[in-house]
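2 protein chains.
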Amino acid sequence: MIRTIEWTDEGVVMIDQRRLPAHELYPVFKTHEEVAKAIEEMVIRGAPAIGVAAAMGIALGMQNSRATSLDEFARDFHNVCERLSATRPTAVNLFWAVERMRWVFNHARREASAIDAIRKQLVDEALAIHREDIEANRRMGRFGAELIPDNATVLTHCNAGALATAGFGTALGVIRAAVEAGKRVRVYADETRPFLQGARLTAWELAKDNIPVTVITDSMAGHILKSGEVDCVIVGADRIAANGDVANKIGTYMVAVAAHENNIPFYVAAPLSTVDLSLNSGDLIPIESRADEEVTHFRGEPITPEGVKVANPAFDVTPHRYISAIITDAGVAREPYDTSLNALFENRN
Amino acid sequence: MIRTIEWTDEGVVMIDQRRLPAHELYPVFKTHEEVAKAIEEMVIRGAPAIGVAAAMGIALGMQNSRATSLDEFARDFHNVCERLSATRPTAVNLFWAVERMRWVFNHARREASAIDAIRKQLVDEALAIHREDIEANRRMGRFGAELIPDNATVLTHCNAGALATAGFGTALGVIRAAVEAGKRVRVYADETRPFLQGARLTAWELAKDNIPVTVITDSMAGHILKSGEVDCVIVGADRIAANGDVANKIGTYMVAVAAHENNIPFYVAAPLSTVDLSLNSGDLIPIESRADEEVTHFRGEPITPEGVKVANPAFDVTPHRYISAIITDAGVAREPYDTSLNALFENRN
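Taken in sequence, the protein lines are chains G and A.
Quick note: the first sequence uses my numbering, first residue 1, plus one each step.
Quick note: the second sequence uses my numbering, first residue 1001, plus one each step.
If you're looking for bench data, these hints aren't it; they were derived computationally from the structure.
It should be emphasised that the depicted structure is a prediction, and the values quoted were computed from it without experimental measurement.
Check the hints yourself; a few may be wrong.
Said to hold, decoys possible - Stretches of chain G that chain A covers, calculated by requiring three or more beta carbons in the stretch to come under 8 Å of a beta carbon on chain A: (1) 198–205; (2) 212–221; (3) 294–300.
As the list claims (entries may be wrong) - Calculated pairs, DMTMM-like style, for lysine to aspartate or glutamate (alpha carbon to alpha carbon, straight line, at most 25 Å): (4) K1183(A) / E1111(A); (5) K1208(A) / E24(G); (6) K309(G) / E294(G); (7) K30(G) / D76(G); (8) K1120(A) / D1071(A); (9) K1226(A) / D209(G); (10) K1030(A) / E1111(A); (11) K30(G) / E6(G); (12) K1309(A) / E1293(A); (13) K1226(A) / D276(G); (14) K309(G) / D1283(A); (15) K37(G) / E99(G); (16) K183(G) / D124(G); (17) K208(G) / E1294(A); (18) K1309(A) / D76(G); (19) K1226(A) / E135(G); (20) K208(G) / E301(G); (21) K309(G) / E1293(A); (22) K30(G) / D16(G); (23) K226(G) / D1283(A); (24) K226(G) / D1071(A); (25) K1309(A) / E335(G); (26) K226(G) / D1016(A); (27) K120(G) / D76(G); (28) K309(G) / E1306(A); (29) K183(G) / D116(G); (30) K208(G) / E1306(A); (31) K1309(A) / D209(G); (32) K1208(A) / E301(G).
Think of the CB as a built atom: it goes at the ideal place given N, C-alpha and C, for glycine as much as any other residue.
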């Protein structure tokens, strides 16, 4: 059982994903500012996990608030929410989680609850988001496992596992559920430059679960897909537009195009909290650009000649026409996604 | 002027490409065994450069031969050729260069030349291969430059530059020739994991020549191609089959597919010495698998969890249907390649 993030009396405990797989460390984050920095610096990453961290960060910030009046407390709440919202722009689960915390806060305030009562409700909501994410992954796993043949070879990009969620995982959750259902599955994991989530995190998770994994560099995925060895590709998502376009870790688009070209099913696994019905198309999803040093340096050592320019978009958008199905916690959506995704939201309500 | 490889009285001098860009070192290789190891360990890489190194390695080996009879000398020659041929399997220029050396040797032997005369002819042939490669790159540059629009943004994968050849470069030679012709060209260079030829070598070469270059991770190429910023892709080649299928650095295939999907011309630049008319299809090209450590470790530090399996194919094959044109030193070939490549060989003879 991988403990990605936990609420404790000491603060928010997170496994430091920057140090894996060499070091398995569980630092405690005691303020909402520390949680915000942890999200920015990728101590924790993965859209669902970021949502949980933001919610816990808000709950923590309000535990620490010294406000004595409800108005002051509301001002602090606003500031804490703004701080957490400003950490990363692409994963919509972050904003979704902040909205859930705002809803609870506003509801409690309308009911004129006492500060301590609101604090408790915020913690409860953060814990509910954590718990529900694991449940959503489990459901997604059951829906998705049916798409995985026995004796399957699956290719995945980045880490959409327990470490990217409250637990179990989205793409890796589907693989875990297939294995739990008795299917034999082996995995190709793209290393996922520049942060190496695949080489470091996906490989670590799958090895822990004794699921056979072979790490490849990102550029090998096309060659492997063309070889005929791979039965399907499964990835997670950071934001899904209403038309089914998917923002996910940089490189996902190339994998999707290569899978499409070789007639290999390309699946996206993500909870409905990742779907942003307010955007009609993936072109509207904001794409984060991260620091040059992630590309120019490796563990402090320069790779590129000094002064050379680099680009570092952290995500790309895969147009829906390359996506065979989107596996959610409410069922599996297929083309046309604007209808099918909407239907999943309506059935759930 | 980049000095990739030179024949000197001391031995073969090569810039150590494993140490670039941090260190610009020019070690001397004094035996054919040292040259063979340098090829295997990628002190020197790039199909045309490997061909030159193999030829110089053979010339060096025969300088060092202690044979006293022509028969002994022939046995040594055979062993030296076998050793150099066994260094790397994919780049056909290696075998092409060995064949040239064999031809010179056999011709001299038939004429009953003295050992020292043969030694001199072998050195002359290695120097001719070196000189002709630069000339071929210059011609390729002139043919290719016409395909580059002014104000162009060009994406390249791996290093097909001066460092991959005797000088000037194949893909980068085309870019250099376009710049020399007064065109403004900026370059996106894929970093090219695992050996980072793009981040380390292409960036270094282009920065030296003041050609604007932006390094990206390999997985970003699709996103950049989809963005509409790129006018064309140019890469080198390690072996080209008679039907126009191209073996090149792992990852080339994914770039070609993404370029095709976005209607961006995809050009291959390679001398005719890279074309292997004996193979009807790229499926027949042997693909080298290199050591796991290139993927699992970075400068001695592990990236992946201990014991995790990796794959490390060093090349992939891009089917000819993705290739807009093959720029050679004898002219530009287009579909159908079996006819057009053949015609270039015939025109040259």
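We went through each hint and held it up to the structure:
1. Residue count for the segment 198–205 of chain G with a Cβ under 8 Å from a Cβ of chain A: 4. That meets the three needed, and the coverage hint holds.
2. Counting residues of the segment 212–221 of chain G whose CB lies closer than 8 Å to any CB of chain A gives 10, which reaches the minimum of 3, so the coverage claim holds.
3. Coverage of the segment 294–300 of chain G by chain A holds [criterion: at least 3 residues with CB-CB distance below 8 Å; count 4].
4. Using a Cα cut-off of 25 Å, the hinted pair K1183(A) and E1111(A) is violated, with the two alpha carbons roughly 51 Å apart.
5. For the suggested pair K1208(A) and E24(G), the alpha carbons sit about 43 Å apart, so the restraint of at most 25 Å is broken.
6. For the given pair, K309(G) sits about 12 Å from E294(G) by alpha-carbon distance, which is consistent with the 25 Å threshold.
7. Between K30(G) and D76(G) the CA atoms are separated by roughly 16 Å; this keeps the pair inside 25 Å, and the hint holds.
8. The straight-line distance between the Cα atoms of K1120(A) and D1071(A) is roughly 18 Å, inside the 25 Å bound, and the hint therefore holds.
9. With a C-alpha separation of about 37 Å, the suggested pair K1226(A) and D209(G) falls outside the 25 Å cut-off, and the hint is violated.
10. Annotation: proposed proximity of K1030(A) to E1111(A) is violated, straight-line Cα distance about 29 Å (limit 25 Å).
11. For a cut-off of 25 Å, the pair hint linking K30(G) to E6(G) stands: about 12 Å separates their Cα positions.
12. Under the criterion of a C-alpha separation no larger than 25 Å, the hint pairing K1309(A) with E1293(A) is consistent with the structure, at around 11 Å.
13. Proximity of K1226(A) to D276(G) is assessed by CA-CA distance (about 22 Å); at most 25 Å being required, the pair is judged to hold.
14. For the hint pairing K309(G) with D1283(A), the CA-to-CA distance comes to about 37 Å; that exceeds 25 Å, so the pair is violated.
15. A hinted pair counts as satisfied when its Cα atoms are at most 25 Å apart, and K37(G) with E99(G) qualifies at roughly 20 Å.
16. In summary, the hint linking K183(G) to D124(G) is not supported, as the alpha carbons are separated by about 37 Å, beyond the 25 Å threshold.
17. A hinted pair counts as satisfied when its Cα atoms are at most 25 Å apart, and K208(G) with E1294(A) qualifies at roughly 23 Å.
18. About 49 Å separates the Cα atoms of K1309(A) and D76(G), which puts this hinted pair outside 25 Å; it is violated.
19. Restraint check for K1226(A) and E135(G): the C-alpha separation of about 36 Å exceeds 25 Å, so the hint is violated.
20. Between K208(G) and E301(G) the CA atoms are separated by roughly 30 Å; this puts the pair beyond 25 Å, and the hint is violated.
21. Simply put, K309(G) and E1293(A) have alpha-carbon atoms about 28 Å apart, too far for the 25 Å limit, and the pair is violated.
22. Proximity of K30(G) to D16(G) is assessed by CA-CA distance (about 15 Å); at most 25 Å being required, the pair is judged to hold.
23. A distance of roughly 11 Å separates the Cα atoms of K226(G) and D1283(A); the hinted pair therefore holds under the 25 Å criterion.
24. Between K226(G) and D1071(A), the direct Cα distance comes to roughly 49 Å. Violation of the 25 Å bound is thereby established for this hinted pair.
25. Among the hinted pairs, K1309(A) with E335(G) is inconsistent with the structure: their alpha-carbon atoms are about 36 Å apart, more than 25 Å.
26. A threshold of 25 Å between alpha carbons decides the hint, and for K226(G) with D1016(A) the separation of about 34 Å lies outside it, so the pair is violated.
27. Of the pairs offered as hints, the one joining K120(G) and D76(G) holds, with about 16 Å between alpha carbons and a cut-off of 25 Å not exceeded.
28. A distance of roughly 34 Å separates the Cα atoms of K309(G) and E1306(A); the hinted pair therefore is violated under the 25 Å criterion.
29. Proximity of K183(G) to D116(G) is assessed by CA-CA distance (about 49 Å); at most 25 Å being required, the pair is judged violated.
30. Taken as a hint, the K208(G) and E1306(A) pair is honoured in the structure, with Cα atoms around 11 Å apart against an allowance of 25 Å.
31. Proposed proximity of K1309(A) and D209(G) is supported: the alpha carbons are some 15 Å apart, at most 25 Å.
32. Restraint check for K1208(A) and E301(G): satisfied, since their Cα atoms lie roughly 21 Å apart, inside the 25 Å limit.
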